[in-house]
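A.B. asks: Chains as they are written, first to last, in the UniProt record's numbering: chain A, 1 to 213; chain B, 1 to 213.
Hints in this document: simulated from the structure, not taken from any laboratory. Predicted, not measured: the structure shown is a model, and the values here were computed from it. Please note that the accuracy of each hint is not assured.
[Unchecked claim] Chain B is nowhere near these chain A residues, computed Cβ spacing over 10 Å in every case: (1) 18; (2) 31; (3) 55; (4) 56; (5) 153.
[As the list claims (entries may be wrong)] With a straight-line Cα cutoff of 20 Å, these simulated SDA-like cross-link-like pairs (lysine to any residue) come out: (6) A:126 with B:127; (7) B:126 with A:136; (8) B:18 with B:36; (9) A:168 with B:205; (10) B:211 with A:167; (11) A:192 with A:124; (12) A:211 with B:79; (13) B:12 with B:50; (14) A:130 with B:133; (15) A:79 with B:211; (16) A:130 with B:137; (17) A:130 with B:105; (18) A:18 with A:39; (19) B:126 with A:127.
Positions of the beta carbon are idealized from the N, C-alpha and C atoms, including for glycine.
Number of protein chains: 2
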Amino acid sequence: MIDIQLSERQEKIIDIVKANQPITSEEIAKRLSFTRATIRPDLAILTMSGILDARPKVGYFYSGREAMSFFTNQINSMKVSDIKSLPIVVDEQTTLYDAIVTLFLEDVGSIYVTSEGFLTGVVSRKDFLKNSIGGVDLNKIPVGVIMTRMPNIVTITPEDSIIDAAVKIMEHQVDSLPVIEETVINNKHGYKVIGKISKTNIVRVFVDLCKNN
Amino acid sequence: MIDIQLSERQEKIIDIVKANQPITSEEIAKRLSFTRATIRPDLAILTMSGILDARPKVGYFYSGREAMSFFTNQINSMKVSDIKSLPIVVDEQTTLYDAIVTLFLEDVGSIYVTSEGFLTGVVSRKDFLKNSIGGVDLNKIPVGVIMTRMPNIVTITPEDSIIDAAVKIMEHQVDSLPVIEETVINNKHGYKVIGKISKTNIVRVFVDLCKNN
Numbered sequence: 001m002i003d004i005q006l007s008e009r010q011e012k013i014i015d016i017v018k019a020n021q022p023i024t025s026e027e028i029a030k031r032l033s034f035t036r037a038t039i040r041p042d043l044a045i046l047t048m049s050g051i052l053d054a055r056p057k058v059g060y061f062y063s064g065r066e067a068m069s070f071f072t073n074q075i076n077s078m079k080v081s082d083i084k085s086l087p088i089v090v091d092e093q094t095t096l097y098d099a100i101v102t103l104f105l106e107d108v109g110s111i112y113v114t115s116e117g118f119l120t121g122v123v124s125r126k127d128f129l130k131n132s133i134g135g136v137d138l139n140k141i142p143v144g145v146i147m148t149r150m151p152n153i154v155t156i157t158p159e160d161s162i163i164d165a166a167v168k169i170m171e172h173q174v175d176s177l178p179v180i181e182e183t184v185i186n187n188k189h190g191y192k193v194i195g196k197i198s199k200t201n202i203v204r205v206f207v208d209l210c211k212n213n
Numbered sequence: 001m002i003d004i005q006l007s008e009r010q011e012k013i014i015d016i017v018k019a020n021q022p023i024t025s026e027e028i029a030k031r032l033s034f035t036r037a038t039i040r041p042d043l044a045i046l047t048m049s050g051i052l053d054a055r056p057k058v059g060y061f062y063s064g065r066e067a068m069s070f071f072t073n074q075i076n077s078m079k080v081s082d083i084k085s086l087p088i089v090v091d092e093q094t095t096l097y098d099a100i101v102t103l104f105l106e107d108v109g110s111i112y113v114t115s116e117g118f119l120t121g122v123v124s125r126k127d128f129l130k131n132s133i134g135g136v137d138l139n140k141i142p143v144g145v146i147m148t149r150m151p152n153i154v155t156i157t158p159e160d161s162i163i164d165a166a167v168k169i170m171e172h173q174v175d176s177l178p179v180i181e182e183t184v185i186n187n188k189h190g191y192k193v194i195g196k197i198s199k200t201n202i203v204r205v206f207v208d209l210c211k212n213n
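Start from the sequences and build out the full structure, keeping to the hints where you can.
C.D. replies: So, in structure tokens, the structure goes:
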């Protein structure tokens, strides 16, 4: 995969095709006062990159596609399901103390809370810290009391692109997003948690892409 | 800037040039059993991308440069100093309680600790939480007691690339890196903190790049 900076002549060719499509290479050459042979490499580059379409005996069309970089192509094809981590989940009745122990043992920054199999809340390290300094009895309060509760949770689905995930994390200033799937349990509709996307997942993709390129 | 996937013929041309440089386009065409006109667009693409060098009346050379993607080019040119945030700094004598309050008021995940102007430690939300559930008197213990102390701190300098920063964050599993600069205060050598790079900074770069491309 290589990168090429378009020349001024190639930019002009794109403009000519946009305004006059379909247009033959003879006509393009005439408008630029060049020979066909001169612009042949330019047309090759523009069709290979997918900016122009060439139809035999008709001429050149503008594909309407913006020239996409390799990076964006690669990223766009990556789905949340490709990079999600295992979610750490506790029940609403779990005490703050037990949930904090889980947080440390699993070495995660946030825990998802479920009730009867459905996602009901999210608790972060920040939530735990806030409650720990307040002098409450961590063994008496269940996580259900302090968690951020549905529908105020920012979620993502496995089919979403990782760009969507990164944008959501930044816009909502959250550390992670539960990856959810609609489900029916005992005739009740809701969401189950099937994964987690955190800033760490995104930074890992960034590092991998930089190393591979 | 556009991206092109090299064709099999273009890859062959690179191999031929590598093995026989300098080599004229006639010779390349002969070896491939094509006409010069056929391979002219290929040669144009390979010289425009900088993979081959063409010298008039001599022939084609292999530039030795790997074709770099636009993405890597863009990322490589970004330095820590371009994206760093303001660091939140407290003195070693600050009590855990006051440091935690600073953490919440500044809405950060970690705090850097200094003594006489020099970086001496880092305290994270995780460190604070661990100590808050232990039943210690947060008003009596200074951060200097619980912080990760120099030289066990992973740091970065303003001139480093953001790729280096991302790699360090992943390899050492830390939330942020203090950006440091050597300094002399009262004839003592040490490091002062001039910024912070966190996972959030890296995810922001990722989002910006995806949006711009």
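A.B. asks: Run the structure past the numbered hints and jot down the numbers of the failing ones, going up.
C.D. replies: Hint check: nothing fails, all pass.
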